[in-house]
Amino acid sequence: MRMRQVWLGMLLILSALSGAQAQSELPGEIRLASEIWEAYTEADGTGLGWDLMREVFEPAGVRLDIHSVPYTRSVGLMQRGEADACVGSYRDEVEGPVFYPKHHYDRDQIVALGLKDKPVPTLDSLGKYRLVWGRGYGYEEYLPNVRDYREVQRRDGILGMLELGHADFYIDARPEVDYIMGRAAKPQQYRVTNLTQLPLYLGFADTPRGHTLAKLFDQRMTQLIASGELRPIFERWQQPYPFD
Numbered sequence: 076m077r078m079r080q081v082w083l084g085m086l087l088i089l090s091a092l093s094g095a096q097a098q099s100e101l102p103g104e105i106r107l108a109s110e111i112w113e114a115y116t117e118a119d120g121t122g123l124g125w126d127l128m129r130e131v132f133e134p135a136g137v138r139l140d141i142h143s144v145p146y147t148r149s150v151g152l153m154q155r156g157e158a159d160a161c162v163g164s165y166r167d168e169v170e171g172p173v174f175y176p177k178h179h180y181d182r183d184q185i186v187a188l189g190l191k192d193k194p195v196p197t198l199d200s201l202g203k204y205r206l207v208w209g210r211g212y213g214y215e216e217y218l219p220n221v222r223d224y225r226e227v228q229r230r231d232g233i234l235g236m237l238e239l240g241h242a243d244f245y246i247d248a249r250p251e252v253d254y255i256m257g258r259a260a261k262p263q264q265y266r267v268t269n270l271t272q273l274p275l276y277l278g279f280a281d282t283p284r285g286h287t288l289a290k291l292f293d294q295r296m297t298q299l300i301a302s303g304e305l306r307p308i309f310e311r312w313q314q315p316y317p318f319d
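Numbering (the numbering used here), first residue to last: 76 to 319.
FYI, nobody ran anything at the bench for these hints, they're computed from the structure.
Being a predicted model, the structure only gives us computed values, none of them experimental.
Among the clues, some could well be false.
[Unchecked claim] Listed below are the simulated EDC-like cross-link pairs for lysine to aspartate or glutamate, each with C-alpha atoms no more than 20 Å apart in a straight line: (1) Lys177 / Asp319; (2) Lys290 / Glu104; (3) Lys290 / Glu100; (4) Lys290 / Glu110; (5) Lys203 / Glu168.
[Stated by the list, open to error] Listed next, with one range per pair, are the computed distances between beta-carbon atoms: (6) Arg229 / Gln264: 19 to 29 Å; (7) Thr268 / Arg166: 44 to 54 Å; (8) Arg258 / Gly103: 20 to 30 Å.
Note that CB positions come from ideal geometry on N, CA and C, so glycine has one too.
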């Protein structure tokens with residue numbers, strides 16, 4: 076009996092040491108690369124997206140190290156291991172080395188922006204039109220029947236393209252379209268049409284460090300979704316809760 080108690084005590088000690096070792100192996104920071112999206116991933120660290128990331132990682136002792144770059148560059152930084160993850164990825168959109176976690180952290184409402192004199196687009200009818208969207212966003216992989224599309228580097232010329240008839244519809248997430256519409260001289264001549272929703276993921280570097288952080292991300296997201304602790308963040312930024 077005495078030896079059995081000693082053996083059980085050793086097992087408990089080894090288990091505690093193993094847990095402490097696993098905790099100590101977590102990096103002290105996560106290097107996150109993201110495009111600057113207004114009120115979502117601002118360069119100064121404010122926004123819904125950054126608040127979510129802080130809630131996920133910082134209670135586990137992992138602070139955010141933010142890098143604000145264009146989306147395609149954020150993917151490149153992740154793939155070269157210069158960032159641990161890129162923000163705002165659609166699952167499986169990135170070609171090359173990338174590791175996706177089980178959980179998404181938000182959803183994009185994908186919309187079409189066009190002139191009101193154009194027909195109302197649907198997912199089934201998109202193939203009839205000339206579409207445009209941001210470089211690297213890869214909507215052709217997620218929208219059916221897409222044939223005629225082009226990618227642009229900047230959004231500031233989108234309204235001009237639509238007015239001059241160089242494209243029929245601009246495709247993007249709703250916040251980005253709202254940002255463009257907020258700067259339109261004649262917003263009443265445009266229509267915004269909901270098309271679909273796409274889950275948003277962190278695309279992690281396919282490295283041991285990236286896998287460790289992705290595992291932590293999934294563990295924390297499982298806890299936070301179950302507890303409802305993320306809901307107040309979405310309410311604070313007046314955005315729909317993506318886990319109902």
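Verification of the hints:
1. Of the pairs offered as hints, the one joining lysine 177 and aspartate 319 holds, with about 17 Å between alpha carbons and a cut-off of 20 Å not exceeded.
2. Distance restraint check for lysine 290 and glutamate 104: the Cα-Cα separation of roughly 15 Å lies within the 20 Å cut-off, and the hinted pair is therefore satisfied.
3. Restraint check for lysine 290 and glutamate 100: satisfied, since their Cα atoms lie roughly 12 Å apart, inside the 20 Å limit.
4. Under the criterion of a C-alpha separation no larger than 20 Å, the hint pairing lysine 290 with glutamate 110 is inconsistent with the structure, at around 24 Å.
5. Straight-line distance between C-alpha atoms of lysine 203 and glutamate 168 comes to about 24 Å, which puts the hinted pair past the 20 Å bound.
6. Hint check: arginine 229 to glutamine 264, Cβ distance near 21 Å, so the stated range 19 to 29 Å holds.
7. With their beta carbons about 24 Å apart, threonine 268 and arginine 166 fall outside the hinted range of 44 to 54 Å.
8. Arginine 258 and glycine 103 have their C-beta atoms about 40 Å apart, which leaves the hinted 20 to 30 Å range violated.
When held up to the earlier numbered hints, the structure conflicts with 4, 5, 7, 8 and fits the remainder.
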